[in-house]
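There are 4 protein chains.
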Amino acid sequence: MALTDAQQQELAEAKAARFETRRPTVPALEAMLFEPIPLLDHGFIRVIDYMGDDSAVVQAARVSYGRGTKAVSEDRGLIRYLMRHWHSTPFEMCEIKFHVKLPIFVARQWIRHRMANVNEYSARYSVMDREFYIPAPEQLAAQSASNRQGRGEVLAGEDAARVMDLLRQDATTAYDHYIEMLNEDESGAVMDPGRQGLARELARMNLTLNTYTQWYWKTDLHNLMNFLRLRADAHAQYEIRVYAEAMLRVLEAWVPAVSEAFRDYRLGAVTLSAQMLDITRRLLAGEAVDQAGTGLSKREWRELMVMLGREA
Amino acid sequence: MALTDAQQQELAEAKAARFETRRPTVPALEAMLFEPIPLLDHGFIRVIDYMGDDSAVVQAARVSYGRGTKAVSEDRGLIRYLMRHWHSTPFEMCEIKFHVKLPIFVARQWIRHRMANVNEYSARYSVMDREFYIPAPEQLAAQSASNRQGRGEVLAGEDAARVMDLLRQDATTAYDHYIEMLNEDESGAVMDPGRQGLARELARMNLTLNTYTQWYWKTDLHNLMNFLRLRADAHAQYEIRVYAEAMLRVLEAWVPAVSEAFRDYRLGAVTLSAQMLDITRRLLAGEAVDQAGTGLSKREWRELMVMLGREA
Amino acid sequence: MALTDAQQQELAEAKAARFETRRPTVPALEAMLFEPIPLLDHGFIRVIDYMGDDSAVVQAARVSYGRGTKAVSEDRGLIRYLMRHWHSTPFEMCEIKFHVKLPIFVARQWIRHRMANVNEYSARYSVMDREFYIPAPEQLAAQSASNRQGRGEVLAGEDAARVMDLLRQDATTAYDHYIEMLNEDESGAVMDPGRQGLARELARMNLTLNTYTQWYWKTDLHNLMNFLRLRADAHAQYEIRVYAEAMLRVLEAWVPAVSEAFRDYRLGAVTLSAQMLDITRRLLAGEAVDQAGTGLSKREWRELMVMLGREA
Amino acid sequence: MALTDAQQQELAEAKAARFETRRPTVPALEAMLFEPIPLLDHGFIRVIDYMGDDSAVVQAARVSYGRGTKAVSEDRGLIRYLMRHWHSTPFEMCEIKFHVKLPIFVARQWIRHRMANVNEYSARYSVMDREFYIPAPEQLAAQSASNRQGRGEVLAGEDAARVMDLLRQDATTAYDHYIEMLNEDESGAVMDPGRQGLARELARMNLTLNTYTQWYWKTDLHNLMNFLRLRADAHAQYEIRVYAEAMLRVLEAWVPAVSEAFRDYRLGAVTLSAQMLDITRRLLAGEAVDQAGTGLSKREWRELMVMLGREA
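Protein sequence lines correspond, in order, to chains A, B, C and D. Under our numbering, residues 1 to 312 are what the first sequence spells out, in order. Under our numbering, residues 1001 to 1312 are what the second sequence spells out, in order. Under our numbering, residues 2001 to 2312 are what the third sequence spells out, in order. Under our numbering, residues 3001 to 3312 are what the fourth sequence spells out, in order.
Some hints here could point you the wrong way.
List time: in silico BS3-like cross-link candidates among lysine-lysine, alpha-carbon distance up to 25 Å [said to hold, decoys possible]:
{"hint": "1", "chain 1": "B", "residue 1": "K1298", "chain 2": "A", "residue 2": "K15"}
{"hint": "2", "chain 1": "B", "residue 1": "K1298", "chain 2": "D", "residue 2": "K3298"}
{"hint": "3", "chain 1": "D", "residue 1": "K3298", "chain 2": "B", "residue 2": "K1070"}
{"hint": "4", "chain 1": "C", "residue 1": "K2015", "chain 2": "A", "residue 2": "K298"}
{"hint": "5", "chain 1": "C", "residue 1": "K2015", "chain 2": "A", "residue 2": "K70"}
{"hint": "6", "chain 1": "D", "residue 1": "K3070", "chain 2": "C", "residue 2": "K2015"}
{"hint": "7", "chain 1": "B", "residue 1": "K1015", "chain 2": "A", "residue 2": "K70"}
{"hint": "8", "chain 1": "C", "residue 1": "K2070", "chain 2": "D", "residue 2": "K3070"}
A few chain D residues that don't get close to chain C, going by computed Cβ distances all over 10 Å [unchecked claim]:
{"hint": "9", "residue": "I3048"}
{"hint": "10", "residue": "A3060"}
{"hint": "11", "residue": "G3293"}
Quick caveat, the hints were computed from the structure, so don't treat them as lab data. Positions of the beta carbon are idealized from the N, C-alpha and C atoms, including for glycine.
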């Protein structure tokens, strides 16, 4: 993630600026503004702008003339109430904008969250950087035997070495040929003046899916939490989960009361189906219940037992 | 639009606050923050918060590390290019939040713009204020004879007086009975302790559609311009158009370059159908063209002649 | 809900038609097509069109070339899996369209569900019908003492009679004056040729919020279930809940497997917060737990006890 | 685009089925149902399902009890009126679902249209097919010298041959290594039982962006036209434009009146900015106008002259 001198200067200027505003301001988030949080081998997120704070949620819920806040404890209580009862509109009143650098295969998952605004670096218009994601050795997992979309144990020895070699080599070869076809290098300088380069919009098809891209991504607090609930989950693919986890830290700095309610009522919460609830009640009443006859599949039964702390 | 003392104080506090921020800040819009712009007889809009400025559009379009801006003239040119070619995503990178007070029948039109975030004052939860929209005499228009959803000439004399009386009287009666059914007044004080009040969620159904409501409304710059293109149009109903026109002034203070491009390429622009374009070309080539045989309806022909400055 | 002769004939023709199609077809829903299901005093829903069935969910989840279905039990299992794990996109592959007649104050709640397509009868363009919602006596509830947005016990005697009178009288007066201001009756006939009628877009503001309106409303299966989860809930206002409950019956006829999964994993399900889950585990482990020190508010504690079947 | 026997049979079964329905049915579209329309070298679109027809637009605009149609000419007139005046909601009342096979770099452009429902083949869950897009020789264009995101003249001779070789070779190598890393072939059979395969969610990152993927894509008629307006445009990249052009033919079969209005008021239409309109009026009035002093950039001036038929 080496920035050019020009990019370094752009960053430094953005960080040095100070303005006076009457808008709600969050010092803990101001401190993080513009600074890239490095992720994976070449990726990052950095907060570019934001609007609103914990009080903006309260203010909108109360349709107030001013900040709308009362005692801190009352505001916290209201935020928890709104979260618990699945109110969404007050949380839509806050907005945040990130600059993200991420591998294309991660970008393809991410973009499925439609309630967001995106401007991506255009490979029709510009030449892509020579940067690809190569997993760290401890992330080189085998296919899970039990879960068709999960990972099993970590590859080792020759198997791991071979995979590493292939990933590096194919990405590099594909990128070298991309540049050759374009007949211009990363800086845009023509290489062989006697040759015509292939159109950028065509040449890009030769890149591999671990090539890094970047975008501006803006969403509201409600939709950010939807993203985080799915992507910070243990079942999310590791390579997108690290982005979600970094955003959880941003959330905590930005809207601490909302963040706390989100952890309690979403991230750490469980949903019991009608059948699961019935079983839980029977267990609490002292009844011995086993899977047969409950209507739960074996998998659901196992999930329930884990939830209730009855099984590892 | 008389505010209570508590509301006045909330407003004053919001306006007095000053914070330091590293976020892009627009002094001309800061100067307008929180201050109600009065509209109709009891309505208003006031800007509560905003995110981004002209440069944020440029920055996202260029996926830059800093502000992304170059010479002012280049930035202006890029913004005009984006607007002309119907790019939408860079304009989605700015966001604005309003507090709006408006008659319910206007709110019903407004809410049809779905790409926005809304928190409305809840008449299930709270008692509505005694405020109704009564048109100014010069707005008391007859049904248009030529346009099924338009206004004709202004009513006068007894006709006007009768309408005014009816509107005032029915709104007042309905509101008085609303309060009577609730058995509590606007301040929430119980009126007759010997009686039970009707549930607020039921009593509200007795109010007339000119009763004022209020909400927080937040949208991005792209969708704000969609709203303005339709609602600041001469064919929009007067009662919503005044809100749109006030927002046009906010737009100009907030993002002057976008605002200028919007006026040139949207508000002041016209669309010529394939047939209309063909006729225009023939007229320019000196051909005499009349409606018959052009495939245009009489109405379309008239619209075209007005556009081209050939007819009043 | 008396239809005109012309409307009756339109309905009869729609119901009599039979076409041949290669599209998935659901006989149980075909049987309901076009037929109004009466709700409240003058309202209804009727299904106008639909697309997809249980198999369309499975087909999209499997990205299949044909129906994508395997054994019925496997399909049911997949649908339950998708619902349990909050997959949303396969459910978006089915679509349904309703014609709905409903009081305006209900329409104002309903329209807040933005992920839907709506065409409403236009009071700018046409004259509204003389139909208002008047609650049945058993729905005439007092304001709840404990819940600021709920109902308490049913009003009786003089209190009830007075409310009924006021609602009927104000709606009628407002409507009569609406017609007088328009100077045209429901059929569009001019009443007093010597007078100009007020513009329809203005006159409508005199109507009360219990006036009936109607619209075409179309949404996908995922968003329909979001609507139903909130509006068929016991905390939803009765006047919208009856619409949601009728739609639950439509859901069952249309997509029985999805409907069953929806009841088990959404309608009949409960969410336990991190703290609630911890308490449940401790109770199951035989520990005596009481509210103090759990971090739960009294209200949350009571809610948990009710969920777990420990309290009425 | 060779289908397996199982897929062929799925297709044949879908096409052979006939059901009775009371829903609006479009014979010309029924005839196209399920049949793939081949595009590029291995891609296709095929219509899977649809809802509504020309009359459904009219019916919703009129909020009718039956089909809502009057004379064909009146319906056509209403549809043209709605299109001309940018009404969107009546067009949202029709819905269509496609199964699409397309290169990943095309899918990345396509997915930016957010108002649609998508289920994509999952490379976390399944093994991707060995199919990549290789441009036909006449599509192997050089980078445009004048347009940073366009194509110039077609490459020939050695330059072309070299590009073809590179594209084929890198895609093949990357795919071969993908399979090697997975340690399972396209049919899912394990290759070397002594080795563990890399997780599918990781191995996929080695594929090139011209690899084909597939998805179910569903949208409403309004958003389909938004897609077509941008992607059937001459400035759209060829590889997505062929998909849009095939969809234009589907549109014509499905909703002929809407399709005609769309061609006249969108595809074949032009927008004149305030300045362009002013110039056009002056030209029509016989004034000699040249670029200097008009406020138009050279590029805009050239665009205007082309529009008005004054220049090639």
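Results for each hint:
1. In summary, the hint linking B:K1298 to A:K15 is not supported, as the alpha carbons are separated by about 61 Å, beyond the 25 Å threshold.
2. Note on B:K1298 and D:K3298: the hinted pairing is violated, with a Cα-Cα distance of about 36 Å set against a maximum of 25 Å.
3. With a C-alpha separation of about 21 Å, the suggested pair D:K3298 and B:K1070 falls inside the 25 Å cut-off, and the hint holds.
4. Distance hint between C:K2015 and A:K298 is unfulfilled; the C-alpha atoms sit about 46 Å from each other, more than 25 Å.
5. At most 25 Å may separate the alpha-carbon atoms for a hinted pair to count; C:K2015 and A:K70 exceed this at roughly 58 Å.
6. In summary, the hint linking D:K3070 to C:K2015 is supported, as the alpha carbons are separated by about 18 Å, within the 25 Å threshold.
7. With a C-alpha separation of about 18 Å, the suggested pair B:K1015 and A:K70 falls inside the 25 Å cut-off, and the hint holds.
8. A distance of roughly 45 Å separates the Cα atoms of C:K2070 and D:K3070; the hinted pair therefore is violated under the 25 Å criterion.
9. Not every C-beta of chain C lies more than 10 Å from that of D:I3048, the closest at about 8 Å, which undercuts listing it as non-interface.
10. Taking the minimum C-beta to C-beta distance to chain C, about 4 Å, the non-interface status of D:A3060 is violated against the 10 Å cut.
11. Remark: the non-interface label on D:G3293 is consistent with the geometry, its nearest Cβ contact in chain C lying 43 Å away (cut-off 10 Å).
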